[in-house]
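Trainee: Listed below, chain by chain, are the residues.
There are 2 protein chains.
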Amino acid sequence: MNEMIILQHGSGGEATDKLINNIIFKHLRNDILAEKHDGAFLDISGKLAFSTDSYVVSPIFFAGGNIGELAVYGTVNDLAMCGAEARYLSLSFIIEEGLPIADFEKILVSIGAAAERAGVQVVTGDTKVVERGKGDKIYINTSGIGTINPRSDIGIRNIKNGDVILINAPIASHGMAIMSQREGLRFESDIVSDTQNLNFTVQEIIEKFGDKIHFLRDATRGGLASILLEIVSSSRFGIQVSEEKIPVDNPVRNACEMLGLDPLYVANEGVFACIADKEIADGVLSILKAKNKSASPIGTVTTEHAGKVIAVNPFGGRHAVHPFIGEQLPRIC
Amino acid sequence: MNEMIILQHGSGGEATDKLINNIIFKHLRNDILAEKHDGAFLDISGKLAFSTDSYVVSPIFFAGGNIGELAVYGTVNDLAMCGAEARYLSLSFIIEEGLPIADFEKILVSIGAAAERAGVQVVTGDTKVVERGKGDKIYINTSGIGTINPRSDIGIRNIKNGDVILINAPIASHGMAIMSQREGLRFESDIVSDTQNLNFTVQEIIEKFGDKIHFLRDATRGGLASILLEIVSSSRFGIQVSEEKIPVDNPVRNACEMLGLDPLYVANEGVFACIADKEIADGVLSILKAKNKSASPIGTVTTEHAGKVIAVNPFGGRHAVHPFIGEQLPRIC
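Protein sequences, first through last, are from chains A and B. Under the numbering used here, the first residue of the first sequence carries the number 21, and numbering increases by one thereafter. Under the numbering used here, the first residue of the second sequence carries the number 21, and numbering increases by one thereafter.
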């Protein structure tokens with residue numbers, strides 16, 4: 021086996037076979053994949069969720085994770101946000117020739133471990149190779165199928181006045197980890213990505229509170245601000261958030277200040293917003309706090325300023341949160 | 021709206037929203053997509069097939085098609101090869117900055133038309149943008165979910181001695197169309213890709229013959245030779261094919277000869293092999309011939325040379341078909 025990925029690995033001939041059988045299947049193996057057909061045969065029933073994401077994060081290895089586990093957790097989390105239990109993933113690689121096979125294997129090991137941790141199976145896949153300068157090491161698409169918990173009813177139409185918005189973890193860690201690594205910045209304490217699977221936390225909340233959980237959304241590209249704005253733009257309500265309630269770890273906050281960034285707009289990979297009936301908000305909070313003590317109710321849904329997200333600062337000052345227009349950090353996920 | 025894709029279109033902020041709402045949703049629209057959630061909610065029952073492919077074909081517009089319809093038909097066909105009726109597709113773009121929005125729209129129009137023609141819905145998606153020189157115009161991943169026809173039982177374990185191998189259309193057109201365009205070659209008559217959806221043909225065969233259809237595989241990367249070799253490597257049997265029975269259009273054959281290529285190894289996008297019980301081979305052939313008069317039984321499954329594909333030439337000469345080892349054309353699909 022060559023020590024680097026070459027174009028022939030993507031051509032569908034003998035090199036492709038060897039890559040798949042000797043390298044990929046070494047790290048990812050289950051009965052469904054072993055069929056080696058054009059698609060996987062699945063035995064699954066109930067309502068389903070289906071989601072896809074292509075991951076182009078740069079660098080591919082970063083503090084707190086790599087593109088492989090990001091690709092698994094990202095799609096698992098998107099399914100969780102539908103109220104679904106992630107079951108099956110597809111996995112498709114676009115590799116730039118020259119990627120060291122050792123790096124590819126490191127990524128495969130992470131994918132295998134992440135899938136196991138999240139309780140999903142990689143059941144079908146594809147590998148393409150592009151010439152040098154036509155890609156950037158490796159891009160990964162994962163698509164996922166999950167079974168929707170029959171107790172759940174997640175939808176923007178379910179949001180109502182007075183609902184509480186909670187988040188599960190401090191924001192902006194993923195974006196700042198990527199940025200500091202990419203720019204070669206060093207902060208007093210290293211910042212690591214928050215990449216994690218959220219599915220078990222979400223399942224616990226839904227099992228307990230069913231359709232009192234009105235909406236879920238993970239705050240990835242564009243950060244927490246962007247998902248709150250998306251929510252108000254698609255609903256009849258406004259959102260009011262309390263700035264001091266939004267958890268940001270100190271090193272991340274300092275790094276943001278130093279670089280003039282607002283953590284509200286910085287990407288996360290393990291943070292989600294839960295919009296819950298106010299009756300059960302305390303119950304949701306205690307489940308979230310058991311996983312991360314920084315979990316916090318950050319605001320409420322209101323009829324007062326429909327279509328707007330208003331942030332209130334510790335002194336009572338209010339300002340509208342606007343869509344981010346300037347240069348966002350590219351290739352954060 | 022800018023006339024080219026810029027990095028901001030992939031950042032998750034306002035530019036991304038505009039691209040999705042004003043451009044993508046202009047061409048692809050249905051109730052499920054309109055939910056704009058992290059994933060699609062599907063109501064589907066029965067056994068499912070799940071498949072994924074990333075498309076990196078270069079050039080993105082070629083004689084007979086473009087990367088958009090290729091991405092739809094390719095995944096639809098992979099599902100068909102599982103005996104499934106394609107139902108839902110995910111669609112994920114990795115776009116290189118600088119792609120003209122007009123080109124992107126042309127691709128979206130093709131995707132919409134191809135999905136309609138194949139009877140599938142695009143229900144969830146993702147758009148990423150990478151810097152110039154980190155991609156090549158556009159890469160597309162489609163993943164698909166299909167419902168398996170309860171009358172079908174497609175699996176390599178079902179192949180038996182004496183089964184007939186049929187193909188539906190002349191081989192090597194897609195690969196030669198791409199190659200001639202990429203190399204700037206002109207042949208006396210233009211060669212066009214055979215890109216097409218195979219799902220309705222396959223459904224008709226399965227409806228009529230049920231589990232007498234033992235195996236299906238489309239002959240994409242690596243060509244017809246590669247799938248025949250895959251089949252013998254995973255089964256207890258050998259395959260014998262008659263060279264003169266394998267249809268190749270004359271302009272394609274001439275182009276292959278001129279370039280010293282064996283059409284058996286050249287990629288197709290609308291050719292599949294059907295391995296059928298010999299009792300029903302004639303019935304399958306007549307369905308195939310109704311779509312394409314070049315459809316042909318090309319060989320049989322045999323116990324005589326397990327693990328080998330033997331080609332017989334018109335003079336009775338026999339030679340083993342070997343895996344392709346040299347330089348295959350990269351980025352054919």
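Check each hint, because a few of them may be wrong.
All copies of an identical chain are treated as equivalent in the list; a pair is satisfied when it fits inside any one copy or across any two copies.
No farther apart than 30 angstroms at their CA atoms in a straight line, the calculated lysine-lysine pairs in the DSS-like style are these [stated by the list, open to error]:
#, residue 1, residue 2
1, Lys313, Lys232
2, Lys126, Lys328
3, Lys309, Lys228
4, Lys311, Lys298
5, Lys313, Lys46
6, Lys313, Lys228
7, Lys56, Lys228
8, Lys46, Lys328
9, Lys46, Lys298
10, Lys56, Lys180
11, Lys46, Lys67
12, Lys180, Lys38
Don't read these hints as lab results, they were simulated from the structure.
Trainee: Evaluate each hint against the coordinates.
Mentor: We went through each hint and held it up to the structure:
Only within a single protomer do Lys313 and Lys232 lie at most 30 angstroms apart by alpha-carbon distance; the minimum there is 23 angstroms, versus 60 angstroms between protomers. In the homo-oligomer, the alpha carbons of Lys126 and Lys328 never lie at most 30 angstroms apart, since the shortest distance is 44 angstroms inside one protomer and 35 angstroms across protomers. With identical chains, the CA atoms of Lys309 and Lys228 are at most 30 angstroms apart within one copy only, with a shortest distance of 15 angstroms there and 58 angstroms across copies. In this homomeric assembly, Lys311 and Lys298 come within 30 angstroms of each other (Cα to Cα) only inside a single copy, at 21 angstroms, whereas the closest approach across copies is 61 angstroms.
Taking the closest pair of Cα atoms, Lys313 and Lys46 never come within 30 angstroms of each other, the shortest separation being 38 angstroms inside a single copy and 44 angstroms across copies. Only within a single protomer do Lys313 and Lys228 lie at most 30 angstroms apart by alpha-carbon distance; the minimum there is 20 angstroms, versus 61 angstroms between protomers. When the C-alpha separation of Lys56 and Lys228 is checked against a cutoff of 30 angstroms, the pair qualifies only between copies, where the shortest distance is 26 angstroms, while the shortest distance within a copy is 39 angstroms. Only between protomers do Lys46 and Lys328 lie at most 30 angstroms apart by alpha-carbon distance; the minimum there is 26 angstroms, versus 51 angstroms within a single protomer.
Taking identical chains as interchangeable, the C-alpha atoms of Lys46 and Lys298 are never at most 30 angstroms apart, the minima being 49 angstroms within one chain and 38 angstroms between chains. Only between protomers do Lys56 and Lys180 lie at most 30 angstroms apart by alpha-carbon distance; the minimum there is 19 angstroms, versus 48 angstroms within a single protomer. For the identical chains of this complex, Lys46 and Lys67 are inter-copy neighbours only, at 28 angstroms across copies versus 33 angstroms inside a copy, given an alpha-carbon limit of 30 angstroms. Only between protomers do Lys180 and Lys38 lie at most 30 angstroms apart by alpha-carbon distance; the minimum there is 27 angstroms, versus 55 angstroms within a single protomer.
When each numbered hint is compared with the structure, violations occur for hints 2, 5, 9.
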